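Taking the hints into account, I'd like the entire structure generated from these sequences.
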Amino acid sequence: MSDIALRSEPVARPRDFRWLGITIVLLLTAACLYAVWTLYIMGQPLLAMLILVLVVAFAIIFTQRRFYASRFIFPGVAALLIFTAFPVVYTIYIGFTNYSFLNLLSYERAREVLLSRSVIDSESERPFGLVSQNGQYQLFLPEAAGGLLSDPFALDGTAVEVAANPVEAAPETLAMRDLVPLRANLGLVTVTIPDGKSLKLSGLRTFAAITPEYELQDDGRLVSTLDGSTLTPDQSVGFYRDDAGKTVPPGWAVNIGTGNFEKVFNSAGIRAPLFAIFIWTVSFAFLSVTLTFALGLLLAMVLQWPHLRFKPLYRLLLILPYSVPAFISILIFKGLFNQNYGEINLILKFLFGIAPEWNTDAWLARSMIVIVNVWLGYPYMMLLAMGFLQAVPADHAKAAALEGAGPIRVFFSITLPQILPPFLPLLIASFAFNFNNLVLVLLLTRGLPDMIGTVVPAGHTDILASFTYRISFLDSGQQFGLSGAISLVIFVIVTVIAYANFVAVRRAAAKGGTT
Amino acid sequence: MIVENPRELRWKKVAAHGFLIAFIALIMFPFLVVVSISLREGNFSVGSLLPDRPTLEHWYLAFGQPFTRADGTVVQPPYPVMWWMFNSVKIALIASVGVVVISTISAYAFSRVKFRGRSGLLDALFIIQMFPTTLALIALYSIFDGLGDVTPLLGIDSHWSVILVYLSWVTLHIWTIKGYFDSVDPALDKAAQIDGATPWQTFRFVFLPLAVPIVAVVFVLSFIGIINDYPIASVLLRSQETLTIAVGSRFYLNEKLYLWGDFAAAAILSGLPITIVFLMAQRYLVSGLSEGSVKG
Chain C
0 MSDIALRSEP VARPRDFRWL GITIVLLLTA ACLYAVWTLY IMGQPLLAML
50 ILVLVVAFAI IFTQRRFYAS RFIFPGVAAL LIFTAFPVVY TIYIGFTNYS
100 FLNLLSYERA REVLLSRSVI DSESERPFGL VSQNGQYQLF LPEAAGGLLS
150 DPFALDGTAV EVAANPVEAA PETLAMRDLV PLRANLGLVT VTIPDGKSLK
200 LSGLRTFAAI TPEYELQDDG RLVSTLDGST LTPDQSVGFY RDDAGKTVPP
250 GWAVNIGTGN FEKVFNSAGI RAPLFAIFIW TVSFAFLSVT LTFALGLLLA
300 MVLQWPHLRF KPLYRLLLIL PYSVPAFISI LIFKGLFNQN YGEINLILKF
350 LFGIAPEWNT DAWLARSMIV IVNVWLGYPY MMLLAMGFLQ AVPADHAKAA
400 ALEGAGPIRV FFSITLPQIL PPFLPLLIAS FAFNFNNLVL VLLLTRGLPD
450 MIGTVVPAGH TDILASFTYR ISFLDSGQQF GLSGAISLVI FVIVTVIAYA
500 NFVAVRRAAA KGGTT
Chain R
0 MIVENPRELR WKKVAAHGFL IAFIALIMFP FLVVVSISLR EGNFSVGSLL
50 PDRPTLEHWY LAFGQPFTRA DGTVVQPPYP VMWWMFNSVK IALIASVGVV
100 VISTISAYAF SRVKFRGRSG LLDALFIIQM FPTTLALIAL YSIFDGLGDV
150 TPLLGIDSHW SVILVYLSWV TLHIWTIKGY FDSVDPALDK AAQIDGATPW
200 QTFRFVFLPL AVPIVAVVFV LSFIGIINDY PIASVLLRSQ ETLTIAVGSR
250 FYLNEKLYLW GDFAAAAILS GLPITIVFLM AQRYLVSGLS EGSVKG
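Protein chains in written order, with numbering that gives the first Met the number 0: chain C, 0 to 514; chain R, 0 to 295.
Hints listed in this document are in silico derivations from the structure and should not be mistaken for laboratory results.
Source: prediction; values computed, not measured.
Glycine residues also receive a C-beta, built at the ideal position from the N, C-alpha and C atoms.
Be aware that one or more of the hints could be misleading.
Stated by the list, open to error - Just the calculated beta-carbon pair ranges, DEER-fashion:
1) F18(R) to Y340(C): 31 to 37 Å
2) M27(R) to Y106(C): 54 to 60 Å
3) S366(C) to F18(R): 19 to 25 Å
4) I40(C) to Q75(R): 30 to 36 Å
5) E402(C) to R6(R): 21 to 27 Å
6) R182(C) to Q239(R): 25 to 31 Å
Claimed, not checked - Derived DSSO-like pairs (lysine-lysine); straight-line CA-CA distance at most 30 Å:
7) K348(C) to K11(R)
8) K11(R) to K397(C)
9) K397(C) to K12(R)
Laid out in structure tokens, this is it:
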């Protein structure tokens, strides 16, 4: 029966859906190509190129039968390329630019901003009235006797240009309160008066000749229409310079070579805290892994003891810290550890009369972060250890005990050597995770307390990842370029860890394969 | 160890239980305190573990209801907790569906479909998975700043941007599902092939039905992982009504406006459902983690 089902469905289906499939592929391709074009215009050539490559690959893979097998992995690979691999490359690229709060735009956008600045010619400024007739409007510019009345136009949100001609008598115009709702559309009206000037809305009650402040020259310079001064684009700093050589915002992001790296390595105000943070990051990750591993293993061994009762209950309670969402438990600890209002200091004060300064003392803050991380991380290690301990044959330990080895000797000579190799890749992965444990630091301390005398804000509990986060998004004026340069350092370290893990996994797999 | 002395054994048992109970008491302390705080008056930690005058004020506020105190003053909820919860659940649901689809299909390809460069690609995946998306936040911010010019749907402050980023969190799940598919008897796909099924049909009619349990587990794990994310959501979501619960919760413990009691109720409210789901799924999480990475 299943034979028939398999046969009748599969063979018939592809033919019917083939054209539908190709249409969908073409439509998606077209939509993506539009996105590529817009991104390119908006000054994101790198991303545009990546998406273009993926779109072309998509179109080929899903229309040519030859690449049938690739269809299965295309979505996963594309997601990883765009949102994991590309951002890494792009971050490194940003590390070589001065992309920051001051240099946020692309060159084209910065030029547009300056070119769209306008000056109002105050001599031509004059009051106006609006005449409403059968849904059409006419602009009236009063003069000594009579005034100028424009041709009728519609105020429907489109730009209009009309001419105005002299009339003898002033027509009846709309009251101010009726004008206000029409203001946005009135801004799109250009009226040409007999002397050839073009006037636009310049205020609540006035029309005036409006001219752009700058005119673009062929060589890229901008000349002011007011005083003839020039702005020269300087591509080495990403700013226009005026005649005196001063930079004029807005700036755009330009490639500044190794500028950020020189800053990192030459400025003592950055190098010193960066080095301190690096040491702390490694120590924090190492401490977290060793402590959670030791505690998790100890608990797992107690739980594995054959004479222990209520095992499932203990197990459930012990993994509870792991099952509560981390962002909640971290914030709970943030509250409990608050040195002024927190419950922990309340109890310590009651019992021992002390109130440690968890928030302002560097070492206490660091201990706090490690304590919280051990609390968060030991259940994971315990669960893993329980699994690996089961694979250790009981006979070995028994034989050793018969030979007179104590429990500690048995643990270090028999149990630990047997569980360590399969555990190693997971320990390395855990190290990498804690090395970049952004959530913990951001939610618990935000890196505080801050170090003193640094150029960029750097905290005693900052890890490298949270340091770059602060430089780019928190308190230091969005210095994306500098942050990118520091990220490169992190990437190099992570690559080393990733490779170590890769080798460890290979070894574990090879061992597992032979037994 | 083999022949135990009964008296020694009893002492050992007492010691083991004593150790476990003391340890668990220490571990559970934060939870007990939070429950107590959520029922206590005011927003500062004063009073005993058992509140003297329990009040449901913080709970009303957590559910988004205004609360009238005994003296007649009406307290308005400080933050839209339920709305943030809804955002979190919406994002996590949509993204997890995508993650499951992508990772199941990719896992099948890596397990069964023969194509050139398969093992190289697997190795590359393994290395790439070590780079957390959170390391490249600046680039992600810049990318979506740019995509926002194409369509606001993919700009900063749009849930779809965040969902797209979460779609890339598939590597670990690909490994988990691949481990499962590897254990499926090859005779099954041989049989399907002989009956004339294409690889896609083998996947659709043979492997997918078999994979339902593991797919369910991956869905839950991905869901929890996304709910727990803070860095990406905090960078890409800016205005209060688009925030997720993980980003929003932080506001409660602001030094200038310290809402400890309100936070406690909101934390239990948002944490409890996720905790329960997690406790049901954790067994599979660990086996998936250890197998996925060791089997290579």
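Evaluation of the provided hints:
no. : hint                           : verdict
1   : F18(R) to Y340(C): 31 to 37 Å  : holds, 32 Å
2   : M27(R) to Y106(C): 54 to 60 Å  : holds, 59 Å
3   : S366(C) to F18(R): 19 to 25 Å  : holds, 23 Å
4   : I40(C) to Q75(R): 30 to 36 Å   : violated, 46 Å
5   : E402(C) to R6(R): 21 to 27 Å   : holds, 24 Å
6   : R182(C) to Q239(R): 25 to 31 Å : holds, 30 Å
7   : K348(C) to K11(R)              : violated, 35 Å
8   : K11(R) to K397(C)              : holds, 18 Å
9   : K397(C) to K12(R)              : holds, 20 Å
The structure is inconsistent with the numbered hints 4, 7, although it conforms to all the rest.
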